[in-house]
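K.L.:
Given the structure of chain A, go ahead and fit chain B onto it with the hints provided.
Protein chains in written order, with my numbering: chain A, 1 to 501; chain B, 1 to 131.
These are calculated hints, taken from the structure and not from any lab test.
Some hints here could point you the wrong way.
Unchecked claim - With a straight-line cut-off of 20 angstroms between C-alpha atoms, the simulated SDA-like cross-links for lysine to any residue are:
hint, chain 1, residue 1, chain 2, residue 2
1, B, K124, A, R37
2, B, K100, A, F66
3, A, K414, A, A488
4, B, K124, A, A29
5, A, K161, A, E136
6, B, K124, A, E136
Claimed, not checked - Pairwise CB distance ranges (calculated):
hint, chain 1, residue 1, chain 2, residue 2, range
7, B, N7, A, G420, 50 to 56 angstroms
8, A, A171, B, Y101, 37 to 43 angstroms
9, A, A29, B, A33, 56 to 62 angstroms
Just so you know, even glycine gets a beta-carbon here, dropped at the ideal spot from N, CA and C.
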Amino acid sequence: MNNIGINYHSILPEAITAGVALLIMLVDAFMRRIERRIAGAIALAGLTGAAAALYTLRNQDGVTSFNSMIIVDDFRLIFAGIFLIATFLTVLISLRWIEDEQLPTGEYFALLMFATTGMLLMASANDLVMIFLGLEITSISTYVLCGFRRSDTRSNESAVKYFILGSFSTAFLLYGIAFIYGATYHAAATPVATTNLQLIKERVAAGHLFSPEMLFAGAAMMLVGFGFKVASAPFHIWSPDVYEGAPTPVTAFLSTGSKAAAFASFARVFILTFTATSLTGALSDLHSVATNTLAVMAALTMTIGNLVAITQTNIKRMLAYSSIAHAGYVMVGMAAADWKAVAFYLLSYVVINLGAFGVIEVIARRGDKQTEIADYSGIGFRSLGLSATLSLFLLSLAGIPLTAGFMGKLLVFKSAWASGFHALVVIAVINSAISWYYYLKVVVVMFFSEPQAEFKAPRVARSLIAALLLAIIGTLYLGVLPGRVLRALDQATDQLKAARK
Amino acid sequence: MQSSITNYLPILLMFLAASGLASILILLPRLLARRRPTEAKLRPYECGVEPVGSARERQSVKFYLVAMIFLLFDIEAVFLIPWAVAFPHVLKDPAYTPLKYVFYGEMMVFMVVLLVGLVYIYRKGVIEWNR
Numbered sequence: 001m002n003n004i005g006i007n008y009h010s011i012l013p014e015a016i017t018a019g020v021a022l023l024i025m026l027v028d029a030f031m032r033r034i035e036r037r038i039a040g041a042i043a044l045a046g047l048t049g050a051a052a053a054l055y056t057l058r059n060q061d062g063v064t065s066f067n068s069m070i071i072v073d074d075f076r077l078i079f080a081g082i083f084l085i086a087t088f089l090t091v092l093i094s095l096r097w098i099e100d101e102q103l104p105t106g107e108y109f110a111l112l113m114f115a116t117t118g119m120l121l122m123a124s125a126n127d128l129v130m131i132f133l134g135l136e137i138t139s140i141s142t143y144v145l146c147g148f149r150r151s152d153t154r155s156n157e158s159a160v161k162y163f164i165l166g167s168f169s170t171a172f173l174l175y176g177i178a179f180i181y182g183a184t185y186h187a188a189a190t191p192v193a194t195t196n197l198q199l200i201k202e203r204v205a206a207g208h209l210f211s212p213e214m215l216f217a218g219a220a221m222m223l224v225g226f227g228f229k230v231a232s233a234p235f236h237i238w239s240p241d242v243y244e245g246a247p248t249p250v251t252a253f254l255s256t257g258s259k260a261a262a263f264a265s266f267a268r269v270f271i272l273t274f275t276a277t278s279l280t281g282a283l284s285d286l287h288s289v290a291t292n293t294l295a296v297m298a299a300l301t302m303t304i305g306n307l308v309a310i311t312q313t314n315i316k317r318m319l320a321y322s323s324i325a326h327a328g329y330v331m332v333g334m335a336a337a338d339w340k341a342v343a344f345y346l347l348s349y350v351v352i353n354l355g356a357f358g359v360i361e362v363i364a365r366r367g368d369k370q371t372e373i374a375d376y377s378g379i380g381f382r383s384l385g386l387s388a389t390l391s392l393f394l395l396s397l398a399g400i401p402l403t404a405g406f407m408g409k410l411l412v413f414k415s416a417w418a419s420g421f422h423a424l425v426v427i428a429v430i431n432s433a434i435s436w437y438y439y440l441k442v443v444v445v446m447f448f449s450e451p452q453a454e455f456k457a458p459r460v461a462r463s464l465i466a467a468l469l470l471a472i473i474g475t476l477y478l479g480v481l482p483g484r485v486l487r488a489l490d491q492a493t494d495q496l497k498a499a500r501k
Numbered sequence: 001m002q003s004s005i006t007n008y009l010p011i012l013l014m015f016l017a018a019s020g021l022a023s024i025l026i027l028l029p030r031l032l033a034r035r036r037p038t039e040a041k042l043r044p045y046e047c048g049v050e051p052v053g054s055a056r057e058r059q060s061v062k063f064y065l066v067a068m069i070f071l072l073f074d075i076e077a078v079f080l081i082p083w084a085v086a087f088p089h090v091l092k093d094p095a096y097t098p099l100k101y102v103f104y105g106e107m108m109v110f111m112v113v114l115l116v117g118l119v120y121i122y123r124k125g126v127i128e129w130n131r
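In isolation and in its complexed conformation, chain A is listed as follows (with noise of 0.2 angstroms):
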């Protein structure tokens, strides 16, 4: 068509996101504060069609547009339908949420868009800018929303310490970019230098490099800050803090959209550039360093969050190190090099996590009051709906069969047993048997305990209990029927396949 390679249809479904959220601001901005409610649903229909977008650009494979900046791809696909869904749900969560705690509703609904394009922007990335373009739309909004509640300070200690350690980490990444760009230096190739993740791997495969080792700092400086932004350990300090205070349905949002964004940009470069290309090239150590890197990094994270969440008693803060461990999970699918199962788990974490926070924004009622695990005591049957709820999502979080959580982690332990890292399995299942405590620890508290106050049934919002009922739903289906999602999985392709053809 033409040499810059423009093509509007590729972008759609972030064009979609971005349009909304401009347009969420302008109904703020005319509206009467009564009309406003209509942000929500608005982007409720934004979300839509960005999946509708999607979906028409599903037969696309290894299309790239933008001089290479963007690429479709089945990969692409599917973690920017992940996002679309973790989205969904939080803003279904936090539709009534916001006009309870008096909060502007526009502002949050269009910051939560703006976060959502860059978030897809991560996955369709194709060169290392685009993925650093995506990552700082997606991080300068939630810094934001982490601030959202203004006059609580916790709140705002949380979005000083997320914006503070994550502009460091982002400087991280960049000056990883920066090396890797140096290191593909090649004379004879036109450009002479690139940070196209395709031109990366054919120049790694090649040899064609101005020096290996430049290559291997930079791809350490990635892993740090990709690492930070996934909260693996030893990366992990901010989370715990951050997750506690900000509001409830943006910590929800952390820990599952933007943090399942962050794992699509590093399978993206880890395990479909780097990995992928240096089994044949000359660099085979790259793939070994790599791999080993992260399956220690996988069994420190792991270990980390299990242990310490045990102590915790702060449900969001016991959530936040239960998400460290899950990243670690995710991790161990980074070392077996196997992005569908990396997929597969994050798309049950992100239902599953999603609903626990539903459930514990609920409880924790306006200003974030209640979020000890002694203010769960003796709720059980007063409250038995939510309570049964948030026990079904604990328990999935801790592994039961027949549950998402239960599929993920095996499809993850199974694609690493058969990678030959066995040991990693072993921590994995270990950890797994530890987590069982803490989360089970929730639910006999819930239910075997005296209650320590007068506790009254909160009442649960229409729209809450629908994206409760969708998580529910979400979470069984994947567990007892994760047939279809498999199989469409099975076939989907990447970049690497999309090329080979």
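P.N.:
Then chain B, alone, in the frame of chain A:
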């Protein structure tokens, strides 16, 4: 592209022009103006900020808002000027002729996005200083 030190000549000229202008602006008043120093005039910051005192002074949030809005539209200018310089070449080059509406339209999209931002801050009352 030849990479040689002469390519950096414009930067040297820019540097000389900038430092020359700064020196003239400092030296000229010394030569021409009569000196009538008062206490207020001799302060390091003539805008009224106390140079010594508690660092925990509270600043009005309006200053930060104005600074942010300034950045927003500054960036707009940074993108607009190169575009405006490049656009005539796009019109002349036959290779890019089919794309001229794309080049034009994409900049308009960018402007509209910024315009939405401007409308938003206007409606939210950021520009009204006395609120």
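K.L.:
Now tell me if each hint is right for this structure.
P.N.:
Now the hints, each set against the structure:
Between B:K124 and A:R37, the direct Cα distance comes to roughly 17 angstroms. Compliance with the 20 angstroms bound is thereby established for this hinted pair. Taking the CA atoms of B:K100 and A:F66, the gap is near 16 angstroms; set against the 20 angstroms cutoff, the hint holds. Using a Cα cut-off of 20 angstroms, the hinted pair A:K414 and A:A488 holds, with the two alpha carbons roughly 18 angstroms apart. For the hint linking B:K124 to A:A29, the alpha-carbon distance of about 7 angstroms falls within 20 angstroms, and the restraint holds.
A C-alpha spacing of about 16 angstroms is found between A:K161 and A:E136, which places the hinted pair at or below 20 angstroms, so the restraint holds. Between the alpha carbons of B:K124 and A:E136 the distance comes to roughly 26 angstroms, so the proposed pair goes past 20 angstroms and is violated. Here the CB-CB span from B:N7 to A:G420 is close to 54 angstroms, well matched to the stated 50 to 56 angstroms. Checked against the given bound of 37 to 43 angstroms, the beta carbons of A:A171 and B:Y101, roughly 39 angstroms apart, stay inside it.
Between A:A29 and B:A33 the beta carbons are some 49 angstroms apart, a value that contradicts the proposed interval 56 to 62 angstroms.
Checked against the numbered hints given earlier, this structure breaks hints 6, 9; the rest are met.
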